[in-house]
Amino acid sequence: MKQHTVIDSPYGPLTLVAEDGVLCGLYMTDQRHRPPEESFGTPDEAPFAEAEEQLEAYFAGELKEFTLELRLNGTPFQRRVWDRLRTIPYGERRTYGELAAALGNPAASRAVGLANGKNPIGIIVPCHRVVGADGSLTGYGGGLERKQRLLDFETGTALFAV
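Residue 162 is where the sequence shown ends in the numbering used here, and the numbering goes up by one at each step.
Hints in this document: simulated from the structure, not taken from any laboratory.
Computed from a predicted structure; not experimentally measured.
Backbone N, C-alpha and C define an ideal beta-carbon position, used for all residues, glycine too.
Only true hints are included.
Lysine-lysine pairs mimicking DSS-like chemistry, simulated, CA-CA at most 30 angstroms apart:
(1) K64 to K118
(2) K118 to K2
(3) K2 to K64
DEER-style ranges, computed between Cβ atoms:
(4) V22 to E65: 16 to 26 angstroms
(5) G104 to E50: 25 to 35 angstroms
(6) I7 to E145: 17 to 27 angstroms
(7) R86 to A111: 13 to 23 angstroms
(8) T75 to P106: 16 to 26 angstroms
(9) E53 to G91: 14 to 24 angstroms
(10) N105 to E52: 29 to 39 angstroms
Produce the complete structure using the sequences and hints provided.
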(Lines of atoms letter the chains of each structure in order from A; the text may use other names.)
(Lines give C-alpha, C1' and ligand atoms only; values in the text may rest on other atoms or scores of the structure.)
Protein backbone atom coordinates (compact mmCIF):
# COMPACT_ATOMS: atom_id res chain seq x y z
CA MET A 1 0.00 0.00 0.00
CA LYS A 2 1.35 3.43 -0.97
CA GLN A 3 1.01 6.68 0.95
CA HIS A 4 2.34 10.15 0.38
CA THR A 5 2.72 13.57 1.90
CA VAL A 6 4.04 16.93 0.72
CA ILE A 7 6.52 18.89 2.83
CA ASP A 8 8.10 22.30 2.38
CA SER A 9 11.83 22.66 1.78
CA PRO A 10 14.23 25.41 0.77
CA TYR A 11 14.07 23.87 -2.73
CA GLY A 12 10.31 23.93 -3.04
CA PRO A 13 7.65 21.39 -2.07
CA LEU A 14 8.84 17.78 -1.82
CA THR A 15 6.48 14.85 -2.29
CA LEU A 16 7.45 11.89 -0.13
CA VAL A 17 6.07 8.48 -1.11
CA ALA A 18 6.14 5.31 0.99
CA GLU A 19 5.32 1.74 0.08
CA ASP A 20 4.33 -0.43 3.04
CA GLY A 21 5.76 2.25 5.33
CA VAL A 22 9.18 2.42 3.61
CA LEU A 23 10.28 5.53 1.72
CA CYS A 24 10.31 4.79 -2.03
CA GLY A 25 10.05 8.28 -3.52
CA LEU A 26 11.08 11.88 -3.00
CA TYR A 27 10.02 14.12 -5.86
CA MET A 28 10.37 17.82 -6.53
CA THR A 29 7.84 19.91 -8.42
CA ASP A 30 8.39 19.93 -12.19
CA GLN A 31 10.79 17.01 -11.85
CA ARG A 32 11.63 15.04 -14.95
CA HIS A 33 10.58 11.36 -14.61
CA ARG A 34 8.13 12.27 -11.83
CA PRO A 35 5.47 9.57 -11.70
CA PRO A 36 1.82 10.60 -12.02
CA GLU A 37 0.22 11.85 -8.81
CA GLU A 38 -2.33 9.01 -8.80
CA SER A 39 0.52 6.51 -8.35
CA PHE A 40 1.53 8.07 -4.98
CA GLY A 41 -1.26 6.42 -3.01
CA THR A 42 -3.34 7.95 -0.25
CA PRO A 43 -2.37 11.13 1.60
CA ASP A 44 -1.01 10.22 5.03
CA GLU A 45 1.75 11.86 7.08
CA ALA A 46 2.24 8.91 9.45
CA PRO A 47 5.01 6.97 7.66
CA PHE A 48 7.18 10.05 7.11
CA ALA A 49 8.11 11.37 10.56
CA GLU A 50 11.71 10.08 10.45
CA ALA A 51 12.22 11.21 6.84
CA GLU A 52 10.89 14.68 7.66
CA GLU A 53 13.13 14.90 10.72
CA GLN A 54 16.25 13.90 8.79
CA LEU A 55 15.45 16.21 5.87
CA GLU A 56 14.92 19.10 8.28
CA ALA A 57 18.32 18.38 9.90
CA TYR A 58 19.95 18.13 6.45
CA PHE A 59 18.52 21.48 5.34
CA ALA A 60 19.68 23.02 8.64
CA GLY A 61 23.24 21.81 7.86
CA GLU A 62 23.21 19.42 10.82
CA LEU A 63 22.96 16.08 8.95
CA LYS A 64 25.54 14.88 6.45
CA GLU A 65 24.36 11.30 5.90
CA PHE A 66 20.83 9.94 5.80
CA THR A 67 20.11 6.71 7.69
CA LEU A 68 16.60 6.03 6.44
CA GLU A 69 15.37 2.66 5.26
CA LEU A 70 14.71 3.00 1.54
CA ARG A 71 12.93 0.94 -1.08
CA LEU A 72 14.64 1.67 -4.38
CA ASN A 73 12.40 0.25 -7.09
CA GLY A 74 14.25 -0.14 -10.38
CA THR A 75 16.27 -2.50 -12.52
CA PRO A 76 19.23 -4.29 -10.96
CA PHE A 77 21.61 -1.91 -12.79
CA GLN A 78 19.70 1.17 -11.63
CA ARG A 79 19.78 -0.06 -8.03
CA ARG A 80 23.55 -0.61 -8.26
CA VAL A 81 23.98 2.97 -9.50
CA TRP A 82 21.70 4.36 -6.78
CA ASP A 83 23.55 2.36 -4.12
CA ARG A 84 26.84 3.79 -5.41
CA LEU A 85 25.40 7.33 -5.27
CA ARG A 86 24.83 6.84 -1.56
CA THR A 87 28.59 6.38 -1.08
CA ILE A 88 29.45 9.86 -2.39
CA PRO A 89 30.31 11.90 0.70
CA TYR A 90 28.43 15.07 1.57
CA GLY A 91 29.92 18.06 -0.19
CA GLU A 92 31.86 15.99 -2.73
CA ARG A 93 31.27 15.33 -6.41
CA ARG A 94 31.86 12.42 -8.74
CA THR A 95 31.69 12.21 -12.50
CA TYR A 96 29.52 9.77 -14.42
CA GLY A 97 32.74 8.13 -15.63
CA GLU A 98 34.03 7.69 -12.10
CA LEU A 99 30.76 6.03 -11.10
CA ALA A 100 30.88 3.75 -14.15
CA ALA A 101 34.45 2.74 -13.31
CA ALA A 102 33.50 2.10 -9.67
CA LEU A 103 30.74 -0.19 -10.95
CA GLY A 104 33.31 -2.14 -12.97
CA ASN A 105 32.41 -0.81 -16.44
CA PRO A 106 34.26 2.40 -17.32
CA ALA A 107 32.48 2.57 -20.70
CA ALA A 108 29.03 2.74 -19.07
CA SER A 109 29.00 6.44 -18.16
CA ARG A 110 26.01 7.10 -20.40
CA ALA A 111 24.03 4.24 -18.82
CA VAL A 112 25.03 5.54 -15.38
CA GLY A 113 23.69 8.97 -16.40
CA LEU A 114 20.38 7.49 -17.49
CA ALA A 115 20.03 5.55 -14.23
CA ASN A 116 21.03 8.63 -12.26
CA GLY A 117 18.28 10.62 -13.98
CA LYS A 118 15.66 8.09 -12.89
CA ASN A 119 16.64 8.15 -9.23
CA PRO A 120 13.32 7.95 -7.37
CA ILE A 121 14.59 9.39 -4.07
CA GLY A 122 16.28 12.69 -4.86
CA ILE A 123 18.41 14.50 -2.27
CA ILE A 124 18.53 11.46 0.06
CA VAL A 125 20.08 9.40 -2.75
CA PRO A 126 22.36 12.25 -3.81
CA CYS A 127 22.25 12.23 -7.59
CA HIS A 128 22.91 15.98 -7.46
CA ARG A 129 26.54 15.17 -6.55
CA VAL A 130 27.26 13.78 -10.03
CA VAL A 131 28.76 16.09 -12.65
CA GLY A 132 30.14 15.88 -16.18
CA ALA A 133 33.69 14.75 -16.94
CA ASP A 134 34.87 18.38 -17.05
CA GLY A 135 33.15 19.22 -13.76
CA SER A 136 30.25 20.97 -15.45
CA LEU A 137 26.68 20.57 -14.33
CA THR A 138 24.77 18.20 -16.54
CA GLY A 139 21.19 17.00 -16.39
CA TYR A 140 19.32 16.92 -13.13
CA GLY A 141 15.71 15.82 -12.81
CA GLY A 142 14.98 18.70 -10.46
CA GLY A 143 16.58 21.26 -12.78
CA LEU A 144 20.13 22.58 -13.01
CA GLU A 145 19.39 25.59 -10.81
CA ARG A 146 18.34 23.30 -7.94
CA LYS A 147 21.36 21.09 -8.55
CA GLN A 148 23.70 24.08 -8.30
CA ARG A 149 21.94 25.31 -5.15
CA LEU A 150 22.24 21.87 -3.51
CA LEU A 151 25.93 21.62 -4.40
CA ASP A 152 26.60 25.16 -3.16
CA PHE A 153 24.71 24.42 0.05
CA GLU A 154 26.74 21.28 0.73
CA THR A 155 30.08 22.94 0.04
CA GLY A 156 29.20 26.06 2.00
CA THR A 157 29.52 28.29 -1.03
CA ALA A 158 25.89 29.38 -1.20
CA LEU A 159 25.59 33.15 -1.49
CA PHE A 160 22.47 33.20 0.65
CA ALA A 161 21.26 30.89 3.36
CA VAL A 162 18.64 28.42 2.18
